[in-house]
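*Asks:* With these hints in hand, go ahead and build the complete structure from the sequences.
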Amino acid sequence: MFYFNIEELYINGLGKYMMTPPLQDDRDGDLSSCPYKMRKFSLENNLIKRLNYTVKLHNDTQKTMEWISLAGNILEFISPLFLSPSFNLKYLDLSSNQLHKMQKHYEDQFKLLIQNNTKLNVLKMNRNGIARIPSNMFLTNTELEVLDLSDNNLSSLDFNIGRLTNLKVLNLSYNAISYIDAQTRDTMEQLAAATNKHKLRIDLSNMPYICSCDDNHMETIQWIHRNLDTFITSPREDYMCTLQDERLYIFQNALEKTKSYCRVQRVKRDLAISLPIVCVFLLIGIAVFLKIQGIRRRQRERKNLLSQIEVGEFPKKFLAFLSFSSDDAELVVNTILPRLNSELQLKTGTSRVLVCSGDRHFRPGYALGEEIIRCIEDSAVTILAVSKNFCQKEWCRKEVQETYDQNKPIVLLLLERVEPDEMGKVLRKLFSRYAHASWISDSNGGHMEPDWSILCDALLDLTVEQSEKNTFKLKWLNWFSS
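1 is the number of the first residue of the sequence shown in full-length UniProt numbering; add one for each residue after it.
Calculated from the structure, these hints are not laboratory results.
One or more of the hints may lead you astray.
Stated by the list, open to error - Taking lysine to any residue and the SDA-like style, the derived pairs with C-alpha atoms no more than 25 Å apart in a straight line are:
{"#": "1", "residue 1": "K317", "residue 2": "K347"}
{"#": "2", "residue 1": "K40", "residue 2": "Q115"}
{"#": "3", "residue 1": "K90", "residue 2": "F159"}
{"#": "4", "residue 1": "K119", "residue 2": "Q109"}
{"#": "5", "residue 1": "K119", "residue 2": "Q190"}
*Replies:* The following block contains the structure:
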């Protein structure tokens, strides 16, 4: 007799005796004719080693299954097809297994493990010895509220969590992280700000942090110290770092001792270096300082640029002029142009049109040459959508030459493979000198390489650099004329 109305099924503890042999299931199961209305399913502590198992569930079961626990086994592999039918799954516990073997030997499957479980609220993968999380493993799990990756062997946090804006708890404690890189720190701060409807708590305790004069190490300790009362959680005494084999409490005297140690090291180093070397380091220090100042200045200019665009004070009508051949209009006008404009609008926080193109902004009745000059002058950067047709068009060559003559920043976007000898002289020079973007056709209609975010950042940075050059020229002319 089948009990189709059972809501909770617990099959736990079959492996509590070590005499029990490990279980491996490499078969397929078809339960599509069994209308189970099960909500919870547990297979804890059963010495299960593999679940290379494809499950076909009845529609009712697919809808009702919300809770699965496979904790406390010795799982080395779980087929994504085992979990994917449970598309309403909200709670998944995979803790206390050996999924590091799947991560190491079957990473292509590991990164897809929970791809179809888009409604997950709670995911526990702690105590699995995992050394690396694939970058986009949690890209589809935007409803996650609790993510437990503690007690693993993670040495870096280079996976994407930026879209997990519903996250309330992120447990990363007891891993192998000695410092947290700047990008990850920024991502966590942005995530904490994005989750202002509920307080995000991140546990970064019990890590092998290093107290040293290295910027990454020092900035990590300072960042943890600064954010304890905002989103970093766990008792203060669980945050320690190592300075020359001495264990220090980060929230007591670690910063003070590290800074003191670094001062002593600097004095020793300076005393051991002769005067010429000191002079060399002084020059290097000045160069680094100027470089940092330049970076900060560009950051300020970038921030000022975004502010100008957002409030409508940007001196140019457009951020970019997109030049393309009429033979490529279907791809450019229908796909690339609207996506580029929307991505730039997201980056800049504005709804105004930021990309100029001939088909939309050339004025009827005016000379083409005049319109090309006007649109290029009204844009900060020019994007050349290069194809074989583009290289053969006379007006396209004129747009290339005009942009080059105006000394405007140019970004090449290759729509297809074009050999250098098919390009004009100016275009060939640009192709050999500067990095370019490419439109890659695929089964989904195509994608940009590098991605849209990198392309848009490049356009904004080139705009800032061009603005700096123009400002410098203006100051030089004013000084010379005075």
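*Asks:* Does each hint hold? Answer for all of them.
*Replies:* Quick rundown of the hints versus the structure:
1. K317 <-> K347: holds, 17 Å
2. K40 <-> Q115: Holds - the C-alpha atoms of Q115 and K40 are around 20 Å apart, at most 25 Å.
3. K90 <-> F159: It holds: about 22 Å lies between the C-alpha atoms, which stays within 25 Å.
4. K119 <-> Q109: Holds, because 20 Å separates the two Cα atoms, which is no more than 25 Å.
5. K119 <-> Q190: holds, 23 Å
When held up to the earlier numbered hints, the structure conflicts with none and fits them all.
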